[in-house]
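Peer 1: Protein chains in written order, with the numbering used here: chain F, 3 to 294; chain U, 19 to 276; chain Z, 383 to 672; chain R, 15 to 379; chain W, 15 to 249.
Hints listed in this document are in silico derivations from the structure and should not be mistaken for laboratory results. Be a bit skeptical, because a hint or two may be false.
In silico lysine to aspartate or glutamate, EDC-like type, Cα no more than 20 angstroms apart, as pairs [unchecked claim]:
(1) U:Lys109 / F:Asp160
(2) U:Lys109 / W:Asp26
(3) W:Lys232 / U:Glu204
(4) U:Lys266 / W:Glu184
(5) R:Lys158 / R:Glu185
(6) F:Lys86 / U:Asp91
(7) F:Lys123 / R:Glu129
(8) W:Lys209 / U:Glu205
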Amino acid sequence: MWYYVQGVLALAMINVISVVGLAVFTGFTGLFSLGHAAFIAIGAYTAAISTYFYEVNFYVALLLGGLMAGLVSLIIGYPTLKAKLRSDYFAIATLGFGEAVRVILENLDITQGARGLPGIKVYSTFPVVLIVTLIVIYVARNFVFSRYGRMAIAVREDFTAAEMMGINLFKVRLRSLFFSAVCAGVGGGLFAHYISFIQPSMFTGVQSTMLTAAVVAGGMGSITGPIAAALIFAAIPEVLRVANMWRLVAYGFILVAIMVLRPQGIFGYKELSWKTFSGLVRKTSRAKGGAA
Amino acid sequence: MTVLEIRNLTKRFGGIVACSDLSFQVVQGEIMGVIGPNGAGKTTVFNLITGVYGPTSGQIIFRGQEIGGKRPDTIVETGIARTFQNIRLFKNLSVLENVIIALDQKHVEYSLPRALLRTPAVSRSEEKLRKLALDYLGIVGLEDKAYQRADSLPYGLQRKLEISRALALEPTLLLLDEPAAGMNPEESLELAGLIREIKNRFSLTILLIEHHMDVVMELCNRIVVMNFGEKLAEGTPEEIQENPLVLKAYLGEGYKRA
Amino acid sequence: MLLQTLVTGLAIGGIYALMAVGYSLVFSILNFSNFAYGAIIMLGSYIGYFSLVKFGVPFPVALVLTMAGASLLSFFNERIAYSSLRKRRAPSLYFMISAMGTSIFLENMVYATIGSSFMAYPEIFKQQSIRILGSSIGLLDLFAIIFSFVSIYVLHYFINNSRTGIAIRAASYDSMITQINGVNLSRLIGLVFVLAGALAGISGIFLGMKYMAYPTMGWITNKAYIAAVIGGLGSLPGAVVGGIILGILESLVSVYIASTFRDVFSFSLLIILLLFMPAGLFGKYLEEKV
Amino acid sequence: GQKAPQTIKIGHAVALTGGSSMWGQAEKNALDMEIAKINEKGGVLGKKIELVAYDTKADQTEAVNVTKRMIGDKVVAIIGPGQSGVAIAMTSVTEPAGIPFLATTATNPKVTVDEKSGKVRKTAFRTCFIDPFQGKVAAQFALKELQAKKAAVLFDIGSDYSQGLKQFFVEAFKKGGGEIVAEEAFRSEELDYRAILGKIKEKQPDVLFIPTMQKEAAMAMKQARDLGMTDVKFLGGDGWASPDLITLGGSATEGAYYVNLASLEDPGIQEWIKAYKEKYKMDPVMPNPVMAVDGLLAVVEAIKRANSTEPAKIIAELEKMKDVPVLTGKLTIDPNTHNPLNKPAVIEKIKDGKFVFHARFVTTD
Amino acid sequence: MLKVENINVFYDQIHALRDVSLQVEPGQIVSMVGANGAGKSTLMMTLAGVLKARSGSIFYNGKPLPTEPHLVLAEGICLVPERRRLYANLTVKENLLMGAYLRKDKKGIQEDMEKMLDLFPIMRQRINQYAGTLSGGEQQMVAIARGLMSRPKILLLDEPSLGLAPLIIEQVFKTILDVKAQGTTIFLAEQNAFKSLEISDYAYVLETGRVILSGPGKELLDNPMVQQAYLGVRH
Ligand SMILES: Nc1ncnc2c1ncn2[C@@H]1O[C@H](COP(=O)(O)OP(=O)(O)OP(=O)(O)O)[C@@H](O)[C@H]1O
Ligand SMILES: Nc1ncnc2c1ncn2[C@@H]1O[C@H](COP(=O)(O)OP(=O)(O)OP(=O)(O)O)[C@@H](O)[C@H]1O
Ligand SMILES: [Mg+2]
Ligand SMILES: [Mg+2]
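Chain F with its partners taken away, still in its complex shape:
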């Protein structure tokens, strides 16, 4: 049983890495992406190709994957953020971007198209995944609890006022996007070396939306909330196995229920965010305040 639980956990943690990245972007700048699966894919393919064809060291490959995903995020982020696309427009643009990436992966030679890359070495053992996840969470937390996170929040809250505080909207948003893409890329690299076989069809828009769902259900502007949500979302389908074919019905139902009953997220609106911020805010009243 532990073998199986470990497996589920490892995949859940790999997911957590991407979710944490997305939480930094969506939760803190207020923009949401429906194309993050593309960054995971890019990370996965870059890392896998590095170890598979070029026998690059696994950890170097992970970094390469993250970096590549980050670079690609600039391709979509630079023009769209420069043009100041807003919420749904930005989301649809990223949705389109995600699909486009998948088409390209399906057509490239090096990725072997839809047939995918089988036989990737399994390096992502449980301890490796655990350690990488903890590192990513730590770094993300630091990011968020620094001026960079604070500026992002300001932009999310009121971008006009933020600009008037001397904040460069474009830089702040792009930086967060880049960070989240790197996380997704690292997650993708781990994933490829866990599952040992990747295909473009594994990185769909549905996956992107599930990532966003975890961030929102966990609580915008929180890191721990989305982590919890990602873990819970990974656990629900497994726990519901008994329900057989009804399990995904229940899954959808639970998702709606979370939003309806706790629209501020599982743990409430940014339960952790600034409150614990280097001991800054000690007796805040915000802990329980809703987003109303």
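Let chain F serve as the given structure and place chains U, Z, R and W with the ligands on it in line with the hints.
Peer 2: Using the frame of chain F, we list chains U, Z, R and W with the ligands on its own:
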């Protein structure tokens, strides 16, 4: 010394000319009032100065530098800060954080890689910021509200927070857009005192839009009166109060007080 | 060849347009992307199928049943998944996630009850096609295009000129104040969802006739979202134009460039368009005055 | 001294939800029925067989999870999965654990043979033929029986199955002297092919090969006929094997041929089909259930021969398997590829709105 | 006409109104004076049905007041909210039409619309402009006009003079008197305490959520405590 010079400034929104061939100058250390009927274009002038809009034509020269059409964040860097007619705080953040954000540009002493690894320098810098922010809150008397959510403050205190946040940007020119709106006469006078105090303490130059005439007359060295986007009059408070054009367009013939 | 390609594109675009309009309608009042819309269309398609095949009713009756059924679903969708969020004035992202949950729920509900097999509609407009200038267009497609134009025009007029229409737009900006103005918000929003549901029903039955009914058919609405964005969210004429542009572009790329890269082209177009017109062709950004 | 388990657990990795659940459910039904039969006769090695089935949703990550779970449950072998991609992903778990699986309809060669090293995967087996064979069958059938000279292909670029089968068909067709006049692709889930079909029409192919799943194939045939492609013959692979193909495609599918692993009309399995229909009140959705039963029978036979339920021994026996009677005939496994040898292909034809057994087809090199 | 008995209103834990009781008689102008955060707007919103009182009751002509905003309006009670709250995405004209949402008399609506444009002539030039782009004061005018369009029996005015030029303030107060003359009851919250007390028949002083003083407007105007705290008069 002239700090800000507006030269033939014009701004059109479609058919509406919100600001038309406007020129005036602001001198170092003065409080200049901008008054005029509703829709005269006062806020638009502020928006042009702070880069919210780009001018249709004309120039805005701040300390010898043309700033018309630049991005707001670069304009802030040159030393201009403002408050908003419709309050724009970061509502979900605490009062303190609102001020810290203003401090983030000039007072932070760490780079992104350090932030990611959270070196001791980061914590030190953050602690310094917190202290500094509390100082700024102290100026407007909000330090005991530092940890409340900004939007739970009553209207009047929100205005004060906006002022304190603007001060934290360390401007040399401060633009205040109807700071006394929604205050009763007593509170307005108190606010006027505060404005004078910060002006002296930080040696600011202030541009003030206000409809509360007591405040304007009390504070301003000079006043520009706008009407339909144009300059209707300019002068000392005494001159303005006597000006028949101003009385007719803005104050009302019955205006007698002070 | 070119003409035929254009006509084919127009036919696909007509369907996109029809779906985009219902989606845009909901957007225009609640300001969020109702990702459950695809699932409502899908269920509409099933209702149409069962009416026609299992109950054997004539087509017009089936159409009405479908519209009614989808309206009802759409209405309950709002009541269950959105109304409490609305009352708490949750940000639009929360609505979207709730919508996603709804769509997962509905889709898998179909899998669990009806199963994964595909339902083919009887051939009502018996593959008739008419020839215009040497290119052929299916009667069904033609009907869909005309139908979308008419329903969209009516809707557009309604939203812009009627008392209720103004109230819908007002509520999209500030629902609290609309209530102060005497609007029964629950009823108004219910009405919008009923309307959108009726459109979903029509789309569903057309999609079903053109292709088939199956659990994941809601994905086609992705294209509708894109069409709506091209046209400008919340703009009904925009949704139509967006749908048709997308349909034609896809056909042209398929034929003259490469069908596999079709999506890359349409998405690139989308992104490039947004760079120059960040609110789509007809959308407007409400610049909040500072 | 561990207590020996009372039953023999056999895993089943199967898509019980999602788009492939139609076949998955049938697979599970068939296995349940077969195991009941075996247990009634006293089981194997005096123990009853217990089926441990988990849903994979036809998704790789889910499959990896459930495989781990089955291994935790101490299964001795696994039946399934039905999808090549899923099977390949599963090998990352079964290989180190040493638990064999017998894929049902995963026809991609890479399932059992590691592409890079060219070595056979120790734990991966299957009971179906492979795509190169299927592609060759389709190509030679088109050339010989349909007398086709020009073929066009419409495939799904987002599907590994479709991409692979297309490639093998094209190779074999060219090798046999035919000409490929068009290779056009669409992306998964898309349903309107009129634009590309128009392009194909201009090339006037004799045969249109559509190596996709039934939904896409049905739509393509329908739209092709709509566009006035009246003479072209349609040809497909085992992805077509669902009655939905005919309901969806309607009259357009009339006269189309496709290659299948097994046929409902295969005389050898009529009795079994009758039993299935009696028990479940419907036809088994071909070909997955028979392939799964083949796998089960092979495992049972291996256990018997090894006189042990140790997975390593089962693997050894599977590798040696020769002419073992299973549902679809006799099973021989090639130890170098773990593929069944001489598994015949069935050509089915759509006639009067029904799948009709057309012929067994043997390829020539 | 309107009777408030011991209501308590909360924002989460913040106790914004404490046992507030007051009464509004038909045909009168009743006003509220109070510092920032005293709870004036909270009371207005509660009367309009936007906020719910946790305890206490509100009676309108002897019957309990409905608690749904649209039903309150249907009873003839209309709130002009603080800080304007216009529909930024609608034109000025459409905003006015929304004010008349429950009215069915097309002609009457048209006439009233003309009246409003005469009242605030600058609105006439802006009639097809999006309300969101109006200047602050212009918006305030539209907000007042929108409230009047419903022809309320009781008009709740929350800081109608906010951000208005002195000349226009005069006009607004004149309008308030006109509206009163036509028989509409007015409940007014104003920071401009001088003017509002001057025209009020009766007034209440609110401090941190409690009524601490009440009396006829003129009387309060002469009250030293009121003068000092709200009128800026120094003795
Ligand atoms: N973004 C915009 N689009 C269209 N018109 C605008 C825009 N911004 C301002 N205006 C118009 O320009 C004119 C001047 O507006 P502005 O806000 O500058 O007035 P103001 O002098 O600040 O008035 P108030 O004292 O009422 O705040 C107004 O008539 C307004 O309608
Ligand atoms: N949305 C809210 N959430 C939490 N507290 C609030 C909220 N709105 C108002 N309050 C609090 O309720 C109290 C009463 O506020 P209210 O707005 O009613 O005062 P007011 O008398 O209208 O003040 P002003 O003159 O500034 O408009 C204040 O302490 C305020 O901080
Ligand atoms: Mg202004
Ligand atoms: Mg108030």
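Peer 1: Each hint: holds or not?
Peer 2: How the hints compare with the structure:
For a cut-off of 20 angstroms, the pair hint linking lysine 109 (chain U) to aspartate 160 (chain F) stands: about 9 angstroms separates their Cα positions. A threshold of 20 angstroms between alpha carbons decides the hint, and for lysine 109 (chain U) with aspartate 26 (chain W) the separation of about 16 angstroms falls inside it, so the pair holds. Under the criterion of a C-alpha separation no larger than 20 angstroms, the hint pairing lysine 232 (chain W) with glutamate 204 (chain U) is consistent with the structure, at around 19 angstroms. Between lysine 266 (chain U) and glutamate 184 (chain W) the CA atoms are separated by roughly 13 angstroms; this keeps the pair inside 20 angstroms, and the hint holds.
With a C-alpha separation of about 16 angstroms, the suggested pairing of lysine 158 (chain R) with glutamate 185 (chain R) holds against the 20 angstroms cut-off. The hinted pair formed by lysine 86 (chain F) and aspartate 91 (chain U) meets the criterion: a straight-line CA distance of about 15 angstroms does not exceed 20 angstroms. About 13 angstroms separates the Cα atoms of lysine 123 (chain F) and glutamate 129 (chain R), which keeps this hinted pair within 20 angstroms; it holds. A hinted pair counts as satisfied when its Cα atoms are at most 20 angstroms apart, and lysine 209 (chain W) with glutamate 205 (chain U) qualifies at roughly 16 angstroms.
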